[in-house]
Every structure is written in C-alpha cells, then in structure tokens.
Amino acid sequence: AQSVAQPEDQVNVAEGNPLTVKCTYSVSGNPYLFWYVQYPNRGLQFLLKYITGDNLVKGSYGFEAEFNKSQTSFHLKKPSALVSDSALYFCASFSGGYNKLIFGAGTRLAVHP
Amino acid sequence: DTAVSQTPKYLVTQMGNDKSIKCEQNLGHDTMYWYKQDSKKFLKIMFSYNNKELIINETVPNRFSPKSPDKAHLNLHINSLELGDSAVYFCASSQRGQNTEAFFGQGTRLTVV
Numbered sequence: 001a002q003s004v005a006q007p008e009d010q011v012n013v014a015e016g017n018p019l020t021v022k023c024t025y026s027v028s029g030n031p032y033l034f035w036y037v038q039y040p041n042r043g044l045q046f047l048l049k050y051i052t053g054d055n056l057v058k059g060s061y062g063f064e065a066e067f068n069k070s071q072t073s074f075h076l077k078k079p080s081a082l083v084s085d086s087a088l089y090f091c092a093s094f095s096g097g098y099n100k101l102i103f104g105a106g107t108r109l110a111v112h113p
Numbered sequence: 001d002t003a004v005s006q007t008p009k010y011l012v013t014q015m016g017n018d019k020s021i022k023c024e025q026n027l028g029h030d031t032m033y034w035y036k037q038d039s040k041k042f043l044k045i046m047f048s049y050n051n052k053e054l055i056i057n058e059t060v061p062n063r064f065s066p067k068s069p070d071k072a073h074l075n076l077h078i079n080s081l082e083l084g085d086s087a088v089y090f091c092a093s094s095q096r097g098q099n100t101e102a103f104f105g106q107g108t109r110l111t112v113v
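Protein chains in written order, with this note's numbering: chain A, 1 to 113; chain B, 1 to 113.
None of these hints come from the bench; they were simulated from the model.
Keep in mind that the hints are not guaranteed to be accurate.
[Said to hold, decoys possible] When the alpha-carbon atoms are kept at most 35 Å apart in a straight line, the in silico DSBU-like pairs for lysine-lysine are as follows: (1) Lys67(B) to Lys41(B); (2) Lys58(A) to Lys36(B); (3) Lys19(B) to Lys22(A); (4) Lys19(B) to Lys58(A); (5) Lys22(B) to Lys49(A).
[To be verified] Every beta carbon over 10 Å from chain B, so not counted as near; a handful from chain A, in silico: (6) Tyr32; (7) Arg42; (8) Gln45; (9) Glu66; (10) Asn68; (11) Ser73.
Quick reminder that beta carbons are idealized off the backbone N, C-alpha and C, glycines included.
Full structure from sequences and hints, please.
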C-alpha cells in the first residue's frame, strides 16, 4: 500500500536557524510528492511539489524540499526559520492511478524567538 | 475571490440530526474531494468526484452522501449524526492528474453533541 510517513510529531527550532521537517514515502511507480502547511483554524495551503526533474524543489515562503530516491525521502527545509513559520506541516503523495492524495500524520513546527 | 469555499465554517448539532456542508470552487477544476481531519489532525480522504462522477469512496459509512450537481460544487450530506462524526471536514479541488496540487477550503468544524 502507498504511504507517506512523517517520523516527528514536533520539531522545535530557534528563529534564524535552519529547519528540516522529515518525510519518507512508499509508493509504487513514480512518486508525486507534495508539502502543505496548515495554520491554526485554517485550511491547507500548498507549498511545493516534486513531479520529476531536479531533486531540489523550491516553493512558497522560502521553503524548499529535497527529493532523495535512494532514501525514499522528501524532506522540507528552510535556511532561516521565522516565528511565523510555526504551523502544522503535511507531506503527501498521490496514490496509484487515482486522484487520491494521501497524507502523512503531520509535523508541528514550533519556531521560538 | 475565494478559490474553494465551504459553508458553514462551524456546525454544532445534536446526535441523530441530518446536516449538510456545501462546497464550491471557482478554479475550473475537474476534480473535487472531501477530506476528514480528526482530533489528532490526521487527514483522510472520504470521497473524490471527477466531472460530477464519483471515483473514490473510501469505505465511508453510507450515512455520508456526497452530491455533485455540477463540477464546481460538491456537497456533503450526513444523516443520523453520531458523536464520532465530530471533526473538521475539508473540501478540495484539483485538475485531474497526479502532478497537480489540490486547493483546500477553510474547513467546516462539525461538533456533534
């Protein structure tokens, strides 16, 4: 079965430090991978996606993600965290041949001043 | 203009009642979805429609009945509400295809008392 895992429930980082939110995937065929962010009492906002091509994908708000096929990972990164980046982050992948986006369990990012 | 809009944003109702949540998208997308986010923030797909046709039904109880009058609308009707139905329900839309991101509504927080 296709799945996406986020091994960390929460990530804490100091403002100005680099951040990484981890994601690993298990999909058959080509992986189509996404990152979304959810702020409190809001819907999910699309950050970036990997379809094919460059392994380093750049997205919104200064975020980027690195696709690593050998490690089946798609970690979200940002060189310098902001307090306003504090939110819930979801990794996701399309499953099989359907328009069915499956999500990881989410990682809460807390950026401290 | 809001891309994916849901109404109502909050819904408090008693067990056994029937309620509906409406969703509309103005993005011209072919595919629409309903997702359920539980109290632990886990996101699970419930239904997916493509051009008004049901393509995914993720073993949701038949008390939940989606209706798509046209490809811009996907409503969710819930009969005989139970305490366990309390959750946040998100509508989303996307173009058909695995390389396209989904856009989410702001969510409907359903509380069954």
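Okay, the hints, checked on the actual structure:
1. Lys67(B) to Lys41(B): Since the Cα atoms of Lys67(B) and Lys41(B) sit roughly 25 Å apart, the hinted pair holds (cutoff 35 Å).
2. Lys58(A) to Lys36(B): Since the Cα atoms of Lys58(A) and Lys36(B) sit roughly 29 Å apart, the hinted pair holds (cutoff 35 Å).
3. Lys19(B) to Lys22(A): Roughly 38 Å separates the two Cα atoms, so the pair is violated.
4. Lys19(B) to Lys58(A): With Cα atoms ~41 Å apart, Lys19(B) and Lys58(A) exceed 35 Å; violated.
5. Lys22(B) to Lys49(A): 28 Å, holds
6. Tyr32: The claim is violated: Tyr32(A) sits with its nearest Cβ about 5 Å from chain B, within 10 Å.
7. Arg42: 6 Å, violated
8. Gln45: 8 Å, violated
9. Glu66: Given a closest Cβ separation of 18 Å, the condition holds.
10. Asn68: Holds, since 19 Å exceeds 10 Å.
11. Ser73: 19 Å, holds
Of the numbered hints listed earlier, those contradicted by the structure are 3, 4, 6, 7, 8.
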